[in-house]
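Residue numbers (my numbering), protein chains in the order written: chain C, 1 to 249; chain B, 1 to 342.
These aren't lab readings, by the way, just hints derived from the structure by calculation.
A portion of the hints provided could be inaccurate.
[As the list claims (entries may be wrong)] Listing some non-contacts, in silico: residues in chain B with all C-beta distances to chain C over 10 Å:
| id | residue |
| --- | --- |
| 1 | Thr139 |
| 2 | Leu208 |
| 3 | His210 |
| 4 | Leu215 |
| 5 | Gly231 |
| 6 | Arg233 |
[Stated by the list, open to error] Among chain B residues calculated to face chain C with C-beta under 10 Å, some are:
| id | residue |
| --- | --- |
| 7 | Thr120 |
| 8 | Gly214 |
| 9 | Gln225 |
| 10 | Met228 |
| 11 | Val240 |
| 12 | Gly307 |
| 13 | Leu318 |
| 14 | Leu319 |
| 15 | Gly322 |
[Claimed, not checked] Residues from chain B shown here face chain C by an in silico Cβ test under 8 Å; the list is partial:
| id | residue |
| --- | --- |
| 16 | Met207 |
| 17 | Ser211 |
| 18 | Ala216 |
Using N, Cα and C, we set each Cβ at its ideal position, and we do this for glycine too.
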Amino acid sequence: MADPILDIRGLSKSFGALKATDDVSLDLRPGEIHALIGPNGAGKSTLIKQISGEIAPDAGEVVLRGRSLAGIDAAGRARMGMARSFQVSSVAPEFTVLQNVVLAAQGASGATFRFFRPVMRDAGLLQTARDCIAQAGLSGREAVPAAELAHGERRKLEIAMALALKPALFLLDEPMAGMGTEGATALGDLLDALRHRAPILLVEHDMDAVFRLSDRVSVLVYGRVIATGTPDEIRTDREVQRVYLGEEA
Amino acid sequence: MSAAEVTAVPEGRGGRMNRAQIVNAALALGLLGFGLVAWAMGETFLVTLATKVAILAIAGAGLNLVLGFGGLVSFGHAAYFGLGGYSAGILAHHALNYTPMFEWPFLFEGTTSMPVIWITAMVIGALAAALIGALSLRTTGVYFIMITLAFGQMIFYFAISWPAYGGEDGLPIYVRNGFPGLNTLDPVQFFGLTCAVLFAVLGLIAMLAHSRFGLALQAARQNRQRLMAVGIRPGGVLLVAFVISGAITALAGALYADLNRFVSPSMLSWHLSGELLVFLILGGTGRLFAPLAGAGLYITLEHLLGGVSDHWQFFFGLLLLGVVLFARGGVIGFLAGGKRHG
Ligand SMILES: Nc1ncnc2c1ncn2[C@@H]1O[C@H](COP(=O)(O)OP(=O)(O)OP(=O)(O)O)[C@@H](O)[C@H]1O
Ligand SMILES: [Mg+2]
């Protein structure tokens with residue numbers, strides 16, 4: 001088995017009396033889509049934020065390619081290739097699609113304190129940005145302000161920005177939410193192809209997509225991982241059926 | 001210029017000017033034309049008024065960098081304006097009175113050279129902004145407004161209570177400081193000089209806005225979380241913008257001291273901070289030429305309405321209310337069309 005890209009060990013986080021993350025350990029291996037599912041309020045987004053560095057865990061550590069990320073902030077982790085999308089999509093609304101993706105490419109390049117040359121004439125950044133926009137399926141929409149994009153397009157923009165970060169891994173928090181079946185299927189195909197670029201930790205409520213795409217699934221309930229396994233194992237797990245899948249059926 | 005315009009994709013406009021550029025050119029030519037015609041007609045006072053507009057526009061341009069592009073509502077920019085003014089006043093005071101400013105590590109007797117004064121003013125403005133910015137940027141929103149106001153007031157009271165340089169009474173500059181090759185006492189030459197500085201500053205800001213730094217700065221205004229997620233820390237970007245902003249506004253302060261040949265704590269007062277904000281709201285926050293449009297309109301109204309009624313500020317307040325409620329893009333937004341994006 002290949003060494004994991006991302007290794008989460010004993011992560012815990014409480015908000016007051018609420019244990020939002022309770023001793024969570026899981027890993028993400030090269031080439032895989034590892035889905036993280038669980039009911040509302042289970043702590044999926046909170047876990048993603050601890051991985052991305054937006055909030056600090058109370059205990060445990062996040063290890064990227066064998067290196068502990070303790071003390072490294074979200075910007076530092078992004079620069080190490082942690083490419084994330086947000087549950088509520090988060091882009092620069094006044095910027096065009098192209099500007100947003102150029103911004104991401106600029107962030108990945110690590111050179112922001114340059115004051116003279118126009119960034120939108122930087123051939124290198126533009127090339128990267130256009131490639132990523134094409135891969136995310138947004139070609140032709142480069143000049144549209146992000147605020148004017150349809151919901152699904154804004155999700156794709158986040159994917160394009162993630163691609164521009166030269167990702168070591170993707171952290172995607174419900175990328176298909178509110179997309180409609182057609183859009184979700186198209187995005188699913190995209191993610192299916194992207195896993196070979198960098199593995200994906202995928203938080204998703206759409207069970208069809210999860211079982212179709214994932215190599216492994218972890219189930220989070222009340223901050224705890226109650227099961228990890230292949231889609232088939234998870235589908236037939238009694239505990240999972242009782243506390244989660246059963247509820248839906 | 002709106003955020004998106006500033007960094008818009010260069011798609012073969014083929015040299016044709018867009019509406020915003022036409023408005024900007026009209027504003028620049030309007031200022032120059034007004035000053036020159038007034039001079040040709042011998043209206044020295046109006047030349048001075050145009051000079052005042054140019055200087056206040058420089059101060060506003062400094063604020064626009066952080067407010068319009070970075071989204072930071074600084075309510076303490078009078079601090080940098082006043083520090084620039086006092087830099088000019090104090091340097092000239094020593095030179096004109098032949099009293100050494102300091103004798104160690106070398107004898108320094110002040111200066112009446114504008115270039116030296118400008119550099120000093122900008123360095124002091126930048127240092128003050130670095131200090132105040134580093135502390136203020138730990139907060140956001142209304143706390144940021146309040147803490148910048150508090151720092152401004154601290155410097156204001158310090159100037160009032162420091163008798164060495166005039167305290168409450170201020171400090172006169174008996175002869176306007178000099179610029180190599182110019183007679184700065186000639187109003188039109190001083191006017192030309194301030195216009196040159198204004199356009200250089202606006203050019204600098206346009207360049208910054210288009211740069212990598214400018215892209216990150218404008219992203220910091222829109223979405224700091226997203227900026228972090230692409231690996232850029234907003235704090236550093238905003239602090240650098242704050243420092244450049246402080247230097248520009250201090251430069252304007254030095255010019256203003258020379259215009260009036262007088263510096264007083266009123267340059268440091270929160271009224272001035274408020275006026276700078278008003279210029280930008282009137283002109284169209286985040287538009288490159290907003291400070292010129294806003295300062296021009298404000299000074300014109302002050303001049304016209306001030307003659308009619310002592311309570312001109314009341315009518316001005318109504319106008320401001322109208323702009324905020326019905327023309328959020330300010331004068332430039334009104335003339336050039338709303339920000340194309342968002
Ligand atoms: N900053 C916070 N302070 C206090 N409580 C919080 C905070 N963030 C999250 N919580 C709580 O922690 C729990 C987990 O929240 P989280 O957003 O991680 O859930 P989730 O699994 O992503 O849910 P959803 O499927 O609805 O997105 C919830 O009960 C939430 O109310
Ligand atoms: Mg969530």
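Each hint tested on the structure:
Interface exclusion of B/Thr139 from chain C stands, the closest Cβ pair being 18 Å apart, more than 10 Å. A cut-off of 10 Å between C-beta atoms contradicts the statement that B/Leu208 is not in contact with chain C; the least separation is 6 Å. A beta-carbon of chain C comes within 10 Å of the beta-carbon of B/His210; the shortest separation is about 4 Å. For B/Leu215, the non-interface assignment is contradicted: its Cβ lies about 5 Å from the closest Cβ of chain C, within the 10 Å cut-off.
A beta-carbon of chain C is positioned within 10 Å of the beta-carbon of B/Gly231; the least distance is around 4 Å. B/Arg233, annotated as away from the interface, has a beta carbon of chain C within 10 Å; the closest lies near 5 Å. Because the beta carbon of B/Thr120 sits about 22 Å from the nearest beta carbon in chain C, more than 10 Å, this interface hint is broken. Taking 10 Å as the C-beta cut-off, the interface hint given for B/Gly214 holds, the closest approach to chain C being about 7 Å.
Hint status for B/Gln225 relative to chain C: holds, with the closest Cβ pair at about 6 Å, below 10 Å. At a threshold of 10 Å, the smallest CB-CB gap from B/Met228 to chain C is about 4 Å, leaving the interface hint in force. The restraint placing B/Val240 at the interface with chain C holds, with a minimum CB-CB distance near 7 Å, inside the 10 Å limit. For B/Gly307, the interface hint is violated, since its Cβ never comes within 10 Å of a Cβ in chain C; the closest pair sits about 41 Å apart.
The beta carbon of B/Leu318 is not positioned within 10 Å of any beta carbon in chain C (closest approach about 30 Å), and the interface hint is therefore violated. For B/Leu319, the interface hint is violated, since its Cβ never comes within 10 Å of a Cβ in chain C; the closest pair sits about 27 Å apart. For B/Gly322, the shortest C-beta to C-beta distance to chain C is roughly 24 Å, which exceeds 10 Å, and the interface hint is violated. With 8 Å as the threshold, the beta carbon of B/Met207 comes within range of chain C, its nearest partner Cβ sitting at about 6 Å, so the hint holds.
For B/Ser211, the suggested interface contact is upheld, since its CB lies about 5 Å from the closest CB of chain C, less than 8 Å. Taking 8 Å as the C-beta cut-off, the interface hint given for B/Ala216 holds, the closest approach to chain C being about 5 Å.
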